[in-house]
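Protein chains in written order, with my numbering: chain X, 1 to 247; chain P, 1 to 305.
In short, the hints are calculated from the structure, not lab data.
Just so we're clear, the structure is a prediction, and the values are computed from it rather than from any experiment.
Just so it is clear, CB atoms sit at the ideal spot from N, CA and C, and this is done for glycine as well.
Just so you know, not all the hints are guaranteed correct.
Said to hold, decoys possible - Computed footprint of chain X on chain P; a stretch qualifies when at least three of its residues, placed anywhere within it, have a C-beta under 8 Å from a C-beta of chain X: (1) 17-25; (2) 28-40; (3) 51-58; (4) 62-70.
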Amino acid sequence: MKQGLFELISNEKIAKDVYRMVLCGDVSAITAPGQFVNIKLEGRFLRRPISVCDLDGSADRLTLVYKTVGGGTRQMAEMTPGAVLDLLSGLGNGFDVERSGARPLLVGGGVGTPPMLLLCRRLVARGARPIAVTGFGSADEVFLSDELRDAGAEVIVATMDGSAGVKGLVTDAMTGLEYTYFYACGPEAMLRAVDAAAPESVAGELSFEERMGCGFGACMGCSCETKYGAKRICKDGPVLRREEIIW
Amino acid sequence: MADTRVTLCGIELDNPIIPASGTFGYGVEFAELYDINILGSFSFKGTTREPRFGNPTPRIAETSGGMLNAVGLQNPGVEAVVSRELPELAKVFRKPVMANVCGFSTDEYAEVAAKLSESEQVGWLEVNISCPNVHEGGLNFGATAAGAAAVTRAVRTATKKPVIMKLSPNVTDITEIARACEAEGADGLSLINTLLGMRIDIRRRRPVIANVTGGLSGGAIFPVALRCVWQVYRAVKLPIVGMGGVESAEDVVEMMLAGATAVGVGAANLTEPFACKRIIEELPAVMERLGIKNLREITGGAHNG
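So here's chain X without its partners, still in its complex pose:
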């Protein structure tokens, strides 16, 4: 983990209530896709944990994609280029790309989609051919499809109302797919459904969300029980292996 100041390069709306923020700063503490940063905001006591969407280490560029769900994220949406943000970076364990096999499945639900982009890049760089299934409410909420496709994934979008892609849930879009491993990030109900839908013989990793105090393992605010004992979502997670989860 590192604490550092980042300069805001751009901050644009890319879907309904969803924004893409590009920051410039020392990204060297970020070592795996699926990690997150914790952002200090003026007037807010707790930092805001946001997953890393994309990374360009050579240019010190960090991309975050976030949804405005409360006062803190709305405050982020109003920030303009040149603003300076205090970030804790390189938090959490992240996804393990070495276990993916040749044809990994990436499942992102809503704002669980952003970490799939960097994960996709890292998997493709290792020679894997990922399939990305992303799920949203309707067409105006869909984001990152082009980016995932450009990064080398076969992309399948699902929307609840059928206004884009497959009508239904990500698990509907998963029907008939064959894959060597799966990575999932999204609401807990979605994670549970993905776990139930995946064949027992296929291993996977799922990224969880919980209200956090510190984000680096000190306060025990975000603990969960696993088959291998209590784990802190912020430090030992947010990514847990399929076999250790107690649903």
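Please build the complex by placing chain P on the supplied structure of chain X, with the hints as guidance.
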């Protein structure tokens, strides 16, 4: 040259800064960030006889100028602390540590205190009779003078190390509790623990925290903590570890002027992991600006005249 040294129950500290229990784990997370030997000491995570998972999540809520937590004394249990956490800590921290003792009966407090006392690393026992997030024990003892006295007596007989009782602000008269601890042989007091509070999610129409209530900490509670330290300083002769919302070197000076001998830093560690390092580095300049040569001399300084 500013002298930041203070003496707490016979043990000298390089400076009065002590990260508060529950915000610093067993030290190793912070040792990855900076050399924690710059600290005066730190108080490790509240430890019970048995391992505890604690309360269901969500355990955390944000407030104006602070946060609520209802962790519920999650800890690996005293055996694991002695056999695993303390040896790990010894690799990164060579000063006496403050052992935070929790329990659900006077017997448990005594047993945990005795086991932690056996460790040479432990300098003081800080006895938590003020956790608002567990439904038996904890605050049940700290809420009455009789309960506080009973735990103090039990721990006093279980250890020869300095016993510091950690008091709750969620009482009618904190000085009554402080006097009861003093009468039973406590060597010091630490105050305050968190203030009981709650938040409601107005969309879901449900409490934000699964436990419904949680303990309020952060800058918002500093004036309450300062008032408690002020009152207790006038009521007893014991040294006080003052804590509650401390975020800067100026806050440290203010807390000491109210009557604190040493100063705990809690929630600030969570929002700013380098908070204690910054405060320790700021302290000499702040002392110089205020004309303070020896920090130990200012304890209770606001009570004069």
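These are the hints, each one checked on the structure:
1. 17-25: holds (count 4)
2. 28-40: holds (count 4)
3. 51-58: holds (count 4)
4. 62-70: holds (count 7)
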